[in-house]
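Chains V and R supply the protein sequences, listed in that same order.
Positions 1 to 466 (the working numbering) are the ones given, in order, by the first sequence.
Positions 1 to 466 (the working numbering) are the ones given, in order, by the second sequence.
Source of the hints: derived by calculation from the structure; they are not laboratory data.
Worth double-checking, as some hints may not be accurate.
You can't tell identical chains apart in this list, so a pair holds if it fits in one copy or across any two.
DSSO-like, lysine-lysine: derived pairs with alpha carbons at most 27 Å apart [claimed, not checked]:
#, residue 1, residue 2
1, K237, K74
2, K60, K74
3, K60, K132
4, K75, K335
5, K181, K259
6, K369, K213
7, K233, K74
8, K369, K335
9, K400, K85
Number of protein chains: 2
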Amino acid sequence: MKLFRRLSSALPALVLLSGGAALADDTAADLAAKASASHWGYDFLADLTTDIGPRISGSKAAQDAAAWAADRLKKAGFDEVHLEKFPVTYWARGAEEADIVQPRLQHLAVAALGHSVPTPSGGIEAEVVVFKSFQALRDAPDGSLKGRIAVITQRMVRAQNGEGYGIAVGSRVAGPSEAAKKGAVALVIRSVGTDHHRLPHTGLTLYAKDAPKIPAAAISNPDADLLERMAAKGPVKLRLKLENKSTDSQAVTVVGEIKGREHPEQVVLISGHLDSWELGTGAIDDGAGVAIAAGAAKAIIDQGLHPKRTIRVVMFGAEEIGGGPVDAYEAAHAKEAGNIVIAGESDFGAGRIYNAAVPAGSLGSPFAKQLTAAILPLGVDMLHEGSSHGGADIEGIHEKDGVPLVDFGQDGTHYFDIHHTADDTLDKVDPAELAQNIAVWASFAWLAADSDVDFRALSAPAGSAK
Amino acid sequence: MKLFRRLSSALPALVLLSGGAALADDTAADLAAKASASHWGYDFLADLTTDIGPRISGSKAAQDAAAWAADRLKKAGFDEVHLEKFPVTYWARGAEEADIVQPRLQHLAVAALGHSVPTPSGGIEAEVVVFKSFQALRDAPDGSLKGRIAVITQRMVRAQNGEGYGIAVGSRVAGPSEAAKKGAVALVIRSVGTDHHRLPHTGLTLYAKDAPKIPAAAISNPDADLLERMAAKGPVKLRLKLENKSTDSQAVTVVGEIKGREHPEQVVLISGHLDSWELGTGAIDDGAGVAIAAGAAKAIIDQGLHPKRTIRVVMFGAEEIGGGPVDAYEAAHAKEAGNIVIAGESDFGAGRIYNAAVPAGSLGSPFAKQLTAAILPLGVDMLHEGSSHGGADIEGIHEKDGVPLVDFGQDGTHYFDIHHTADDTLDKVDPAELAQNIAVWASFAWLAADSDVDFRALSAPAGSAK
């Protein structure tokens, strides 16, 4: 789970469903019931985290994970399974240490940010300048951080839909170059997370072209508190040592399809990403997502259903480390982008789904009425219209190729306690909540793939359609 | 916080208080109100964790902490402050690593147990045998663990009064020698803790004299889950490397007194322990306890109260690493043990106090009635009789010298999520709950010290008293 772009935009219409608003299609109801009761998705996730574990893009583990997942899909009865490889920078975490060395030695729990350059081999030792927000750092005079380690201690707000992330994550993504422009020799940020554990949150940083690349790392929330308290008392000196390195490698995306019986060229794409940060075992981010997408398709296979359109399950191979997956997928599928009827990605853990956003103009379609009826018994009691965010891996095909998106709102109240930390392990996933997700996605995939609705035409601006 | 000995014993009498059972003494009520409103205790704790931090017994940090605390007590207006030094083994944690190396590399979050011997410098690599309880390991045939790493994955139960600890902690304290007797080359245990974070719980282990000393460490709960799942599938090989070392050093206990105006030789002893494990900063274990004991006395000083008896605040210097503090204190105070009227230790974090246990026979005394009235407005609505547990540091003077104990029951529902981990940091302490503890202890200390009640006589067996 990476960035919330325009999360608060484009929610123009709300429909609160009453019990009798629509009648469920028996096939969809049966499918949802069976999907809810199946253990296949949870077993997939348990085995992925146990037998493979951490799998950062470009690593051997990520390549093993792709082979493992493809094998699992083949055994599940998908009509076609293949791998798609593309170049990626393999960023390998090394030893990492952060210590307060003045006024008194205290060890900090630290994690380098993804793509951070390493420190010089002896580490960096410098006095810190603490900023309580990223904006405060932006407002600092040019040159004012010369020779210093900049520290941003901005806090992330907890919210059900996770929107605090979009507000806080700027310090991680853009902070290092901003600090470098003002002369800083390194940047340390408070973790972009809502917990209070000594487990730092890693995540991607992006260097600007016009600034020196300085080492960047996150410390845990309690450590950021400590630094703030110390800095309020007097000068604080920090020692930072990061030994990560970057090499050229390959990422692997896994694709499995249930071929459409009438329009095999028309594709309903459901997805997650198989790669994960390497501190944890990638259970909520995003083992859950690939288990949900694959589990949904598996439920359709198990019911013996043969939809009109093709259902394509994609397990993207490089969401976390960025810069490649969307482009790679777009490049490989440019010719058929127009055939992707609708796309969705599950990349927000396994928290309960409570609402759904469908493409603009489609709320009145038979598809949406059937979906509404199918997922209400699963506890999804609100349908939005106008989805424009659907996960980092599919935003590109939406923006560039106009692929319509579906987006299911999940309870992410506790997601950012765990996200990108060593704590991202299987025990954080509730099997019942995972099953609810699988049932909702199975309902969606079946109904969208067995429908004739043309989401592009419905969502086209008035006047241009029909 | 170490062991719950006989936790469930000796709670013969319960008194549920009705609102009008007793009238509060105005002095005690004023004291409790002022203590509740004071920031002194929280500031003490914040500064201890910020300015000193981790302070394992025998370390320079622990010695610095003692000097710091003594200075703080002097400035607070105690009549007399001194340090008491005694020999201790300084156990210093070194680099530590645990990896599953077969069937696949996965890193585990590990912490050596206190007093564990190190591994040979290259580490130990061996196949594991997993036991789901300590009893299952005890039941294993002699020699059956030859050349293996024994793993105990017994889970700890969560309870308000923390009694799950006493049930689970045997694997940590006695497990290494039991495993060694059966031929194991190392012992790895599931953390004795109730959380699900990748933060292992350290703690003391005690080697038996009749078994080889083998390295011993705890892994986090999610890692224990992973090992269980892997071991259910096939052989698992573990590599363990611990580089800790032990040296002779000195521990320091801090003592501060408010001298009694009528019976200065009679002592009401309230305490906590100043030493802490070094993974965290010792906020709940037991910075809170020393802040509570010192804060209670400070509130009495601030009110200008001069009790008949002496109030002695003791910050014990070697609770965690064991084997010295009680004996050292007993040896130093053997001559005056008979003058310790009553003793208590706060060593269970800063969770809200909900009940109190006073010495047998004292429930009907004017002291108990006054205490009841004073602490009811603080939310302590139940008084037990027959306290026999009062914290690891004072059990010795109770057992050997017959010193009567007071014991306040605290809400420890979440205490063992944090206990002995890197997560033991200031943010885990609620200032309002800490203040409630301080107000209760201040009420107790004042009323016990200004009373003439003789707890020893009251609790003596019928026929021997009066």
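Which of the listed hints are not met by the structure?
Hints 1, 3, 4, 5, 6 and 8 not satisfied by this model.
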